Amino acid sequence: MKTEFLGIPLKNRTVLASGILGNSKDILERVYHSGCALVTMKSIGPAPRDGHKNPTVLDLGHGMINAVGLPSPGYDRMEGEWDELARRNFPLCASIYGGSVAEYARVAEFVSQKKPDVIEINISCPNSEKHGMIFGVHTDSAFEVVSAVKQVINVPLIAKLTPQAPDIASIACACEDAGADAICAINTVGPGMVIDIESRQPVLAFKKGGLSGPMIKPVAVRCVYDIFKAVRIPIIGLGGITTGEDAIEMIMAGASLTGIGSAVRYRGIDVFDKVTREMNDWLESHNCSIEDIKGAAHQET
Amino acid sequence: MKTEFLGIPLKNRTVLASGILGNSKDILERVYHSGCALVTMKSIGPAPRDGHKNPTVLDLGHGMINAVGLPSPGYDRMEGEWDELARRNFPLCASIYGGSVAEYARVAEFVSQKKPDVIEINISCPNSEKHGMIFGVHTDSAFEVVSAVKQVINVPLIAKLTPQAPDIASIACACEDAGADAICAINTVGPGMVIDIESRQPVLAFKKGGLSGPMIKPVAVRCVYDIFKAVRIPIIGLGGITTGEDAIEMIMAGASLTGIGSAVRYRGIDVFDKVTREMNDWLESHNCSIEDIKGAAHQET
Amino acid sequence: MTPSKTHTMIRVAEKVIEHPGESATLYFDAPITFTPGQFVMFWIPGVDEKPYTLSFVSPARFGITIEAKGIFSQKAIALEPGDLVGIRGPFGNGFTLPDEPAHTVFVAGGFGMAPLAPLIDTLLENGENPLAVIHGARTRSHLLYHDSNDPNRNPPERHPGDRQFCTDDGSYGHKGFVTDLLLDLLGKGASVEQVYACGPEIMMHAVVQICRGEQIPCQVSLERYMRCGFGVCGACVCGEQVVCTDGPVFDDTQVSRMADFNRRALLKNGQIVDLDTYFTWRQPR
Amino acid sequence: MTPSKTHTMIRVAEKVIEHPGESATLYFDAPITFTPGQFVMFWIPGVDEKPYTLSFVSPARFGITIEAKGIFSQKAIALEPGDLVGIRGPFGNGFTLPDEPAHTVFVAGGFGMAPLAPLIDTLLENGENPLAVIHGARTRSHLLYHDSNDPNRNPPERHPGDRQFCTDDGSYGHKGFVTDLLLDLLGKGASVEQVYACGPEIMMHAVVQICRGEQIPCQVSLERYMRCGFGVCGACVCGEQVVCTDGPVFDDTQVSRMADFNRRALLKNGQIVDLDTYFTWRQPR
Ligand SMILES: Cc1cc2nc3c(=O)[nH]c(=O)nc-3n(C[C@H](O)[C@H](O)[C@H](O)COP(=O)(O)OP(=O)(O)OC[C@H]3O[C@@H](n4cnc5c(N)ncnc54)[C@H](O)[C@@H]3O)c2cc1C
Ligand SMILES: Cc1cc2nc3c(=O)[nH]c(=O)nc-3n(C[C@H](O)[C@H](O)[C@H](O)COP(=O)(O)OP(=O)(O)OC[C@H]3O[C@@H](n4cnc5c(N)ncnc54)[C@H](O)[C@@H]3O)c2cc1C
Ligand SMILES: Cc1cc2nc3c(=O)[nH]c(=O)nc-3n(C[C@H](O)[C@H](O)[C@H](O)COP(=O)(O)O)c2cc1C
Ligand SMILES: Cc1cc2nc3c(=O)[nH]c(=O)nc-3n(C[C@H](O)[C@H](O)[C@H](O)COP(=O)(O)O)c2cc1C
Ligand code: FES
Ligand code: FES
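Protein chains in written order, with the working numbering: chain A, 1 to 301; chain B, 302 to 602; chain C, 603 to 887; chain D, 888 to 1172.
If you are wondering where the hints come from, they were derived from the structure by calculation, not from laboratory data. Any given hint might turn out to be false.
Straight-line distance between alpha carbons at most 30 Å, and here's what the computed DSSO-like set of lysine-lysine pairs gives [claimed, not checked]:
no. : chain 1 : residue 1 : chain 2 : residue 2
1   : A       : 207       : D       : 1062
2   : B       : 508       : A       : 294
3   : A       : 294       : C       : 607
4   : C       : 607       : D       : 892
5   : C       : 790       : C       : 870
6   : B       : 354       : C       : 677
7   : A       : 274       : A       : 2
8   : D       : 1062      : A       : 208
9   : B       : 354       : C       : 870
10  : C       : 790       : C       : 652
11  : D       : 962       : A       : 208
12  : C       : 677       : B       : 508
13  : A       : 208       : B       : 530
14  : D       : 962       : A       : 130
15  : A       : 274       : B       : 509
16  : B       : 530       : D       : 892
17  : A       : 229       : B       : 509
18  : A       : 294       : A       : 274
19  : B       : 530       : A       : 229
20  : A       : 274       : A       : 11
Quick partial rundown of chain B residues pointing at chain C, CB under 7 Å, derived from the structure [what the hints assert, rightly or not]:
no. : residue
21  : 353
22  : 374
23  : 532
24  : 533
Here the structure is a predicted model, which is why all the values come from computation and not from measurement. Glycine is no exception: its CB is placed at the ideal position from the N, C-alpha and C atoms.
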């Protein structure tokens, strides 16, 4: 299951999703030792931000809904953390966000100097220049932000897409054209809302939140399938993966790596190890390799 | 729970979703007698259409995925059915679709003469004039199709929206401006895809399908919440409603009526009766009426 | 939290050719919880998915018997052991056995024997013997699980014993219809307490008419085009009944109230047509 | 198929003021499956949601004890019977009792008594008596479930018997720290087999140091800012440990390996700061 991804040697195909646990070097390292090949940091923003009040994360049984609100210390207030991360012995993906193209570029340039192995840009954020429209739902804004970031960084760039785009494949193409080295799909689905009928109000303090976990897997698989048809760069498939079979399904849709987020709740931190084992068992019993099955669902019968 | 909706007296707040069972007068009548106040016919199209090959509908446990492919006898090949429906003793909603504005208008004009109590236009279909873009994701095409249909019909018009619109509230506004008398939200979420990893291919013959049932409820509630803020016309809230509490939640988001589709699988055809009873029990135990709680989740605390 | 599976993939374990080029039984080695009369949605990847009654069930094996009609069923009987297919279900209600042992008569028209066979098995396992099993078909090669010309036939006779046969063309047994044999039996004064019938709808209609005349409870199994198999899509409605969930088994009281029984059915596009039109559409092309 | 509930709404059944204006225990009439040391996420609609240890459990009732610190906890102690709140959980691991009856010592600093009290209850119910319960606080009004000045106090003394008290200001019991009393006990040669400690992190750190010196197993309960409560958001990480799922209870071996124990914590924005900065931020404003 060893592989290379954008020149980074990886021990297997699992990736920690951004926003899941990745708040410090210690826990990222533990996730790595729990079987994860590439760990992603919680998205880093342009300024300190507390995020939303609680409740911020709820379990719906078949997935979860969250509106954490992108809390971040701010890219320039993490010196201690960057120092520790400089001494890491595992591959690291730094996720970043901004409210404008200039903010993305500023954060990315700074973070790039801290030498993560790769930078992921989360383009599911509202675009402050375009009245809150989300960067990732329009090809032009997606192109703009990816190009701007690409120019100022020295590490490979992953564009992380939102399924709220009416045509996610065209967004992926725009990112590829703008110089993205890989695509990560998907961020949360929705948004959704849960109203507590006793208190008659939305449960999440921010009212709306993104859906993740098993219930979004069909949407994630479809997105990866569509993107695979449209681009040549590799894809990290993410959304609802909980078991090795889920990961295999995502690979067949066209993913090169498989991200895991919510499943940490359902199967523990060593879900990475479990999923990798299950993938290996499946491959062995079917006498094939990841390369044999990548994108296999695209073959016409 | 008796109410009036667009001038139609209804015995309670439940509506049969389009595409669920509603293939003939006999079964529509049975659904009505199973407690449903307003029954919607399977969407009627401009020409005979077989729909997709099987598999077309799959149960995911927490909801379902379907790509039935809008089978329809065609609006002008249903004379026997229209004759029977003319002798009905229950309120009827006729759902229609088309691939162009002219097709929508042609079907609607014809159907209007058959005197359903209300016509619902399903604007989740690909717009053949705009290269497959879905009518309901753009305000201009939504406005255009609703205006065109409104001019040729003599019964109230419901616009049924898709959650794939990046900003569903603005679509609802466009429909209201174009003369829609009510909004129905939502159609299926996604689309999604399920790949069978043994045969290495999508299970649905059409590959992609729309998600429905419990797992989409948070998306539906959020959409209704957003639309309620944006329009004055009433809303049929639809998506994942399975219990009386789900229906109450939808009413609190802003719905006047509550649609039920997939839950027929989970609780039987008399789900309408069950949900109505559960709503009544809840209202009684909370000593309030539907009007008291409609849109209650919008009140700031 | 783990979502239930949409379907189960399984390999054909054994294929038994019932009549070469015309019909076969496919066996699968897996346990299944099942009531005779229930059906599964049977998916051949890349081809289509259709409903089939389970025609055989044992603790670790089940089977479906397929008559080659159109493209799908031809591909189905061409499957070989090891081929991978998908199964959803079982769905539907299944037959109901009498509370007490009773004098039962089975009336099977052609492949209508498929859903009845495991019901006969159940009865025999309970140590009961049907009063009569009447099996008719257009012609000899459409009689199922049986060929008395070949005592070494493989598979062996499914329900050896006193069976009554008829064919439309007289190629085997009585020349004529199953209803002739049923009327015969009743004419001889047999005390029949329960009839199970499956076959062409017109045949089942005739059987129901006879049974209602004699006030004998009768159960029949209907067939309609299906999509979901679990009662939401409406493809299979027959009057106010949903065949996939309310049925496919209905009793004589239900069918006699059913506006569309032996009268109308829905095409794939939802158009409601008379049965002749429906069956014309269903002929192999 | 029905999704599990995101949370449970429940009304306050009873409020017991522990110290007027400073702390209260809220009781709820519902059964709960719970291990002492576990916590719930407690939602006051329109306000916020925070973690609270269950401080009392009986078959049909549970309670949480809240010290008024900031806006949220002040609103919490101002709740009245009948008020509607939300509960998620219980979450976390809880304390582990020794396999065999053992000589246990409890060391509670201030509201650290809240998670320990139901553990003491369990022990007592098992017919065992703790070797010692050491309870200290800044000042008398921060001692929990106890005021010997008022024998008629309502609620009654939670764990009457031989308890040892201390206060920083000497307003009640020994003037000094709980660690003084613990060292005293050990100095007298008491054979202590298990220590449970909860209170300010610096106090727990001191207790752990003492226990490790004497090779006595010790369990402590940590506190960090929390969001999800079930191990995904990362708000509560302490070194490589996830406090909400790996903890909040950790044993002395775990905390002595834990890089951030008594050293660093995350602010709400995720910034990793030393504990002083963290606690300054956490002071009421
Ligand atoms: C509850 C139930 C149980 C059944 N059990 C059995 C059984 O045990 N054994 C058995 O042999 N059959 C059974 N059938 C019938 C079976 O599902 C198929 O309809 C049959 O095998 C014919 O398939 P096919 O070869 O026509 O497929 P196709 O290749 O699709 O048929 C050929 C042509 O006819 C048309 N057509 C045929 N049938 C249909 C249809 N149903 N819907 C739409 N178009 C159609 C198609 O357009 C096609 O071009 C059952 C049906 C039901 C509802
Ligand atoms: C596992 C666990 C169990 C706990 N059990 C108990 C218990 O049994 N009894 C008890 O009294 N307390 C308990 N706590 C502490 C409790 O969760 C609250 O932190 C405490 O009640 C203080 O709330 P508050 O009044 O500060 O709220 P706030 O009004 O939010 O606090 C005031 C100010 O301080 C800041 N602040 C304070 N606390 C926090 C915080 N945690 N995160 C972010 N900002 C903060 C806020 O910005 C705010 O402006 C427990 C904590 C944990 C993790
Ligand atoms: C609590 C939580 C916080 C998240 N925070 C972020 C984030 O900061 N940046 C980001 O790009 N995605 C974030 N996500 C989205 C995940 O990275 C992932 O795209 C999504 O959860 C789908 O994957 P899953 O189904 O495996 O959880 C968050 C998800 C959750 C559940
Ligand atoms: C099998 C199936 C067929 C459907 N067909 C239609 C249709 O023809 N027209 C339409 O507007 N919506 C159709 N829908 C969408 C439903 O009307 C409804 O919007 C959706 O299922 C969400 O509601 P639910 O979660 O209660 O099922 C269909 C849904 C299903 C599951
Ligand atoms: S096959 Fe869908 S309702 Fe029967
Ligand atoms: S509170 Fe979210 S991981 Fe602990």
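Right, here's what the structure says about each hint:
no.: 1; hint: 207(A) x 1062(D); result: violated (49 Å)
no.: 2; hint: 508(B) x 294(A); result: holds (17 Å)
no.: 3; hint: 294(A) x 607(C); result: holds (22 Å)
no.: 4; hint: 607(C) x 892(D); result: holds (22 Å)
no.: 5; hint: 790(C) x 870(C); result: violated (44 Å)
no.: 6; hint: 354(B) x 677(C); result: holds (15 Å)
no.: 7; hint: 274(A) x 2(A); result: holds (16 Å)
no.: 8; hint: 1062(D) x 208(A); result: violated (51 Å)
no.: 9; hint: 354(B) x 870(C); result: holds (10 Å)
no.: 10; hint: 790(C) x 652(C); result: violated (41 Å)
no.: 11; hint: 962(D) x 208(A); result: holds (25 Å)
no.: 12; hint: 677(C) x 508(B); result: holds (21 Å)
no.: 13; hint: 208(A) x 530(B); result: holds (14 Å)
no.: 14; hint: 962(D) x 130(A); result: violated (39 Å)
no.: 15; hint: 274(A) x 509(B); result: holds (29 Å)
no.: 16; hint: 530(B) x 892(D); result: holds (27 Å)
no.: 17; hint: 229(A) x 509(B); result: holds (14 Å)
no.: 18; hint: 294(A) x 274(A); result: holds (20 Å)
no.: 19; hint: 530(B) x 229(A); result: violated (39 Å)
no.: 20; hint: 274(A) x 11(A); result: holds (14 Å)
no.: 21; hint: 353; result: violated (9 Å)
no.: 22; hint: 374; result: holds (3 Å)
no.: 23; hint: 532; result: violated (29 Å)
no.: 24; hint: 533; result: violated (33 Å)
Figure legend: structure checked against the earlier numbered hints; hints not met, in rising order: 1, 5, 8, 10, 14, 19, 21, 23 and 24.
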